[in-house]
Every structure is written in structure tokens, then in C-alpha cells.
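Protein chains: 4
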Amino acid sequence: MPDTDALETLRAALEVFARERDWETFHTPKNLAMALSVEAAELLECFQWLTPEESAAPDAKRRQDIEHEMADVLLYLIRLADRLGVDLYAAARSKIEINRVKYPVERVRGQARKYNEYEDYAQPDDAG
Amino acid sequence: MPDTDALETLRAALEVFARERDWETFHTPKNLAMALSVEAAELLECFQWLTPEESAAPDAKRRQDIEHEMADVLLYLIRLADRLGVDLYAAARSKIEINRVKYPVERVRGQARKYNEYEDYAQPDDAG
Amino acid sequence: MPDTDALETLRAALEVFARERDWETFHTPKNLAMALSVEAAELLECFQWLTPEESAAPDAKRRQDIEHEMADVLLYLIRLADRLGVDLYAAARSKIEINRVKYPVERVRGQARKYNEYEDYAQPDDAG
Amino acid sequence: MPDTDALETLRAALEVFARERDWETFHTPKNLAMALSVEAAELLECFQWLTPEESAAPDAKRRQDIEHEMADVLLYLIRLADRLGVDLYAAARSKIEINRVKYPVERVRGQARKYNEYEDYAQPDDAG
Numbered sequence: 001m002p003d004t005d006a007l008e009t010l011r012a013a014l015e016v017f018a019r020e021r022d023w024e025t026f027h028t029p030k031n032l033a034m035a036l037s038v039e040a041a042e043l044l045e046c047f048q049w050l051t052p053e054e055s056a057a058p059d060a061k062r063r064q065d066i067e068h069e070m071a072d073v074l075l076y077l078i079r080l081a082d083r084l085g086v087d088l089y090a091a092a093r094s095k096i097e098i099n100r101v102k103y104p105v106e107r108v109r110g111q112a113r114k115y116n117e118y119e120d121y122a123q124p125d126d127a128g
Numbered sequence: 001m002p003d004t005d006a007l008e009t010l011r012a013a014l015e016v017f018a019r020e021r022d023w024e025t026f027h028t029p030k031n032l033a034m035a036l037s038v039e040a041a042e043l044l045e046c047f048q049w050l051t052p053e054e055s056a057a058p059d060a061k062r063r064q065d066i067e068h069e070m071a072d073v074l075l076y077l078i079r080l081a082d083r084l085g086v087d088l089y090a091a092a093r094s095k096i097e098i099n100r101v102k103y104p105v106e107r108v109r110g111q112a113r114k115y116n117e118y119e120d121y122a123q124p125d126d127a128g
Numbered sequence: 001m002p003d004t005d006a007l008e009t010l011r012a013a014l015e016v017f018a019r020e021r022d023w024e025t026f027h028t029p030k031n032l033a034m035a036l037s038v039e040a041a042e043l044l045e046c047f048q049w050l051t052p053e054e055s056a057a058p059d060a061k062r063r064q065d066i067e068h069e070m071a072d073v074l075l076y077l078i079r080l081a082d083r084l085g086v087d088l089y090a091a092a093r094s095k096i097e098i099n100r101v102k103y104p105v106e107r108v109r110g111q112a113r114k115y116n117e118y119e120d121y122a123q124p125d126d127a128g
Numbered sequence: 001m002p003d004t005d006a007l008e009t010l011r012a013a014l015e016v017f018a019r020e021r022d023w024e025t026f027h028t029p030k031n032l033a034m035a036l037s038v039e040a041a042e043l044l045e046c047f048q049w050l051t052p053e054e055s056a057a058p059d060a061k062r063r064q065d066i067e068h069e070m071a072d073v074l075l076y077l078i079r080l081a082d083r084l085g086v087d088l089y090a091a092a093r094s095k096i097e098i099n100r101v102k103y104p105v106e107r108v109r110g111q112a113r114k115y116n117e118y119e120d121y122a123q124p125d126d127a128g
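Protein chains in written order, with this note's numbering: chain A, 1 to 128; chain B, 1 to 128; chain C, 1 to 128; chain D, 1 to 128.
Derived by calculation from the structure, the hints in this document are not laboratory data. All values derive from a computational prediction rather than experimental measurement. A portion of the hints provided could be inaccurate.
Now the stretches of chain A that chain B is said to cover, found in silico as 3 or more residues with beta-carbon under 8 Å [stated by the list, open to error]:
#	segment
1	59–65
2	79–91
3	94–106
Which residues of chain C face chain A? A partial, calculated answer using Cβ under 10 Å [claimed, not checked]:
#	residue
4	Phe17
5	Phe26
6	Ala40
7	Glu42
8	Leu44
9	Gln64
10	Val108
Think of the CB as a built atom: it goes at the ideal place given N, C-alpha and C, for glycine as much as any other residue.
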């Protein structure tokens, strides 16, 4: 990946991929969001019955599965962004800034309970 | 974003973000995969009752929500990749090549029915 | 199903099923909620690329898949309820009453736009 | 709930609920499967950052949230079954029998590793 950005390279590749197959009809934002959600669940499934510790050290086969599912999530996300004209990188930068304000270091640092409570409190906004 | 890559910039920012808050304990791969899956569903919720056509032209408020949820998905995905040492870009490139073989143009082009059947064929045991 | 209730019959069968296999260890509420979420996505996958109309008339093979996935969702839900001591039927009755107040007939009746807006408005609570 | 079955009582109540609001149009199987999947994720969110042990003993507020989300999952599942003419109880009974064959006691009993491997074996193409 020399000059251009990773996200843009993938976006362009996916656009060609869908056009070659005449899949634009199926790629409505609603359908793409469904597909993304299905892939996220397939990723989750890789960790389903593992302990937290086991989840940090998957064996080679599981690791391969995990990488494929993570790739699927990213690909559908980039494709959805393309169909809606969303700048993913800008959106992500902006969301980090929002989170910085929402979870100030001095308030949430190193406190499991606080973290959970804050999540609870934060949920309405998260769903917004 | 001048010299460095978007994904790497975001990865580094999230690493600092979590370290400052002592959230590494919570950020097991299993928990991050759950969080990613929850955010994917919140994204899906934005499109839930829309027709396919409406989903392609969300109003300004909904569009803002969609961008935030897409950002959340990307951020958790990058964070998960970092915790597992996965190169997201390489994984995505490799998955596109796999899909190229799995869905050859001459076989699936412009055929809604074929597309559905192929999906079925590709994930025959999913429903088991 | 003669004298006893469907939900109780299934609950009892699942309890025996898990005990016989020594699966209680894996069946923490957190893991069961994950499993349920994965099954819900597998159900969603059955409808993924269908039009709304097609989704109402699945062919025989797809219909079989759908029934299996719906069963999986119900089974994990009942198992989760059992582990937490939740009375599913009472919870469902109570939620219908809450929804009756939340979505008054005269306000939401037959209005697609209102429905969507209301959903939007309702989201913060839904996530609560 | 004296004479009739819990699932049938809820089904009938939901049918009236949707008809009173003219929501049948929105309640395509595809949309209902999406809604169910979103509710399953909201349920998952209740357990997101908890340890396995904490997830088994939620405090009163969280428990209330969990019950509401479980109810939402059940209600959408029953509504979907109604729209497709699926007998949920029969489907669940039949799925338990399938699982009995798929996970024989002597093979999977009390073995975490076997359990995981078997899951792998059972859904080999999921990660594809």
C-alpha cells in the first residue's frame, strides 16, 4: 500500500467487485447494515464459549477464522460508507473526540464499577 | 491525514485512550467482540423500519446517528485487531481475494436468484 | 402438550439436556446472551438478501432453516431465563402493557413516518 | 394463565396490538427478524462488561433491564412466528431432538475442549 490510504484502496476494490457482479441492487444501506451485523455475530461466535483469558490466545485455526470475520466486518462497513457517502475516517476521529468528553479520564479511570455504571448512564445516548 | 495510514492513526489513538482510563482489563477480545456486535446492532436499528429506498436517503438527524454508529463499529474493530495483533488491512485484502474465487463473475453476475442460492450454498450449515 | 405449559416443558427439557452434558459451567448468563445473539443473527441471515415480499414467502428449504433458527433463539432465551430465575411469560405480559402506554393507538396508528419518529424517540428508553 | 397456552396467549395479544396500530405493513418477516436481532443485542449489552460471575447476579436495576429485553426478544419471536405460520413450540421440541443426536452425552460430557471443538465442527463454514 504505497501512496494512497488503506480505507480508500479497499473502498475502490469493493466498488469494482460489486459492479462486476451487478450486485448494486442488493447493496442498499439497509441490506448492507444487516450483512455487517451478521458478520459481527459470526465474529462473536468465534469467542462464544471461551473464557476471557482463552479469548486472548486463540489457536491457529480459530485465529484464521477470527481474521476472516474481522475482514468481513470491515469490508461491509467500507461498502456501506461508500453507498452513503460517509467519510469513515473523519467519522471515527470525530467519535473519539466525543468519547473523550463523555468519558473523562479523572472520572472513569481504573474503576470497574464506575465504568459499568457510566456505561449504563451512557446507554441512552449510545442508542441515539 | 498526511503521511501515516488512517487505520494506524486510529489504532494508536485508541491505545492511548484505553491506557489513560485503565480499561485494558475490560478490553479482552471476547468483550470487544461483544461490544462490536452491540454497535453493529445499533447501526442496524437506524435502518430498521425504513424501506430499502428510504435507507439510501436518510434525513440529517438519522444520518448523524448512522455516522456515529459506523464509527463505533470501526473503533471497536480496530481495538480488537490491536489486542490480537491482527493486521486489518492485510486481512481485508486477503478476504477480497478469497471472495473473488468464491463468487466468480461469470457465475453470479446480475442474477438475484443465483445470488441468494449461492449464499445458501456457501453457508449450508449455518441454519443447522 | 397436555396439562403443563409449553415454556415450562421446554425449560425442564433444557435443564436436563445441559445437566446430562455437564454444560452448566458454560451456561453463564453472559455466555447464553451471546449465544442467543448469535442465533438471532443466523435467523436474520435467512432473510438477508430477500425483498420484503420474498421474506413473507420463503421456499421449503429456507423455511426449514428459519424454523430451526427460531427454535434456537427460543431455546437459549428459555435457558437464560432459567439461569436467572426470570418468569418469561410474566415479563412478556408486563412488557406488552408498557408498550401499550408507550405507543398509544391514537398517536401512532397507520402512520409510517410517525412510527419511525416515535421509534427514534423511544430508542433511549429501549436501550435502558 | 388458566386454560390456554402462554405462547398462544401472547401471540393473540400481539396480533391485536399490531392491528390496532396498523403496523402490519411494517411487520414483514425481514423487518421482524431485524427487530429481534436488535433486541437480542440490547440484551447482550446488559452483560457486556460484566465478568461471568457478575452476570449471574445482576443488581435490581440491571435485572429489570434484562427482563425487559428478554421480553422484547420473545415478543418479536412470537410475532415473526405468527406472520410465517410457524408453530414455535413444535419447532423447539423438534430442535431439541436434533441437538440430542448432534451432541451425544457420551461424546461431549464435561469436556470444555470437546465442547468447543464440537461447536467448531458443527459450524465449519461459518467463518468462511
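Results of checking the hints against the structure:
1. Under the rule that three or more residues need a Cβ within less than 8 Å of chain B, the assignment of the segment 59–65 of chain A is violated, with 1 such residues.
2. Proximity of the segment 79–91 of chain A to chain B, defined as three or more residues with a beta carbon under 8 Å from a beta carbon of that chain, is established by the 8 residues found.
3. Given a C-beta distance limit of less than 8 Å, the hint that chain B covers the segment 94–106 of chain A holds, as 8 residues qualify and 3 suffice.
4. Interface restraint check: phenylalanine 17/C against chain A, minimum CB-CB distance 16 Å, threshold 10 Å, status violated.
5. The beta carbon of phenylalanine 26/C is positioned within 10 Å of a beta carbon in chain A (closest approach about 5 Å), and the interface hint is therefore held.
6. Among the interface hints, the one on alanine 40/C holds; its C-beta lies about 8 Å from the nearest C-beta in chain A, closer than the 10 Å criterion.
7. Proximity of glutamate 42/C to chain A holds as hinted, the smallest CB-CB distance being about 7 Å (cut-off 10 Å).
8. Taken as an interface hint, leucine 44/C checks out: its beta carbon lies about 6 Å from the nearest beta carbon of chain A, inside 10 Å.
9. Because the beta carbon of glutamine 64/C sits about 19 Å from the nearest beta carbon in chain A, more than 10 Å, this interface hint is broken.
10. At a threshold of 10 Å, the smallest CB-CB gap from valine 108/C to chain A is about 19 Å, leaving the interface hint violated.
Figure legend: structure checked against the earlier numbered hints; hints not met, in rising order: 1, 4, 9, 10.
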